[in-house]
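Chemist: Just so you know, the protein sequences line up as chains A and B, in that order.
The working numbering applies: residue 1 is where the first sequence begins, and numbers increase by one.
The working numbering applies: residue 1001 is where the second sequence begins, and numbers increase by one.
Treat the hints loosely; a few may be bogus.
[To be verified] Where chain A lies over chain B, by a calculated footprint (3+ residues, C-beta under 8 Å):
no., segment
1, 1010 to 1023
2, 1026 to 1033
3, 1044 to 1054
Since the hints were made in silico from the structure, they are not lab data.
Built from N, CA and C at the ideal position, the CB exists for glycine as well.
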Amino acid sequence: MLYVACALIFAGLVFYFGGTIGLLRLPDVYSRLHMAGKLDTLGSLCLLLGLIAVMLLTEEAAGLLVAGKIFLIVVFVFIASPTATHDMVDAGMRSGQAPWLRGEERR
Amino acid sequence: MEQIILGSSLFLVTLMLLSLYRAVKGPTTLDRLMGMNAIGSKTTVLIIMIGLIFGRVEMFVDIALTYGMLNFIAVLAASRYLHKRGLRPMNETTGKE
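For reference, chain A alone in the conformation it holds in the complex (with noise of 0.2 Å):
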């Protein structure tokens, strides 16, 4: 349980890691959105299942209730962080902002 506890959060933190990296590097918006939507929803599962196996460990009652409570998390952070990234693509694309292009300078 250890391992899988490491192994779990070791995975989290490189999919945070790539996800910045992309927020940092790529041309526009949309592309920089996609990356921050996918890439915080599967740093977030992996991390906080990595937490639950944290929690396992302890072997009490109360450990128990505290890594259910974290599944719970992870079912709010699974509906919730789709939608809002949904929602900010929709509001660039109502006012107005146009979808980068090859060719054109990154902005």
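Could you slot chain B onto chain A? The hints should help.
Modeler: Here is chain B on its own, set in the frame of chain A:
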């Protein structure tokens, strides 16, 4: 285990600083909103890690859930506002239309 959680929370703080660069510099308003959303989703995880370090997880997990909900609602409200106002760069909003 304590050292692993401490190190990974420090790494998360570094990633939050990198996202803050996008939130400060970002050319459009949507960039700033997205940077703050990325920081908020990292904070939700960081609060639980702080609880594990302090040994008070059962209190901090509720704070993390509330923070995630507040972050979600703030992003929804700000992007509904952008529907109406439009998406101009910051240097044009202060000057002439």
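Chemist: Evaluate each hint against the coordinates.
Modeler: So, going through the hints one by one against the coordinates:
1. Only residues whose C-beta sits within less than 8 Å of a C-beta in chain A count toward coverage, and the segment 1010 to 1023 of chain B has 7 of them, enough to reach three; the restraint holds.
2. Under the rule that three or more residues need a Cβ within less than 8 Å of chain A, the assignment of the segment 1026 to 1033 of chain B holds, with 5 such residues.
3. Beta-carbon proximity to chain A at under 8 Å applies to 5 residues in the segment 1044 to 1054 of chain B; the threshold of 3 is reached and the given coverage holds.
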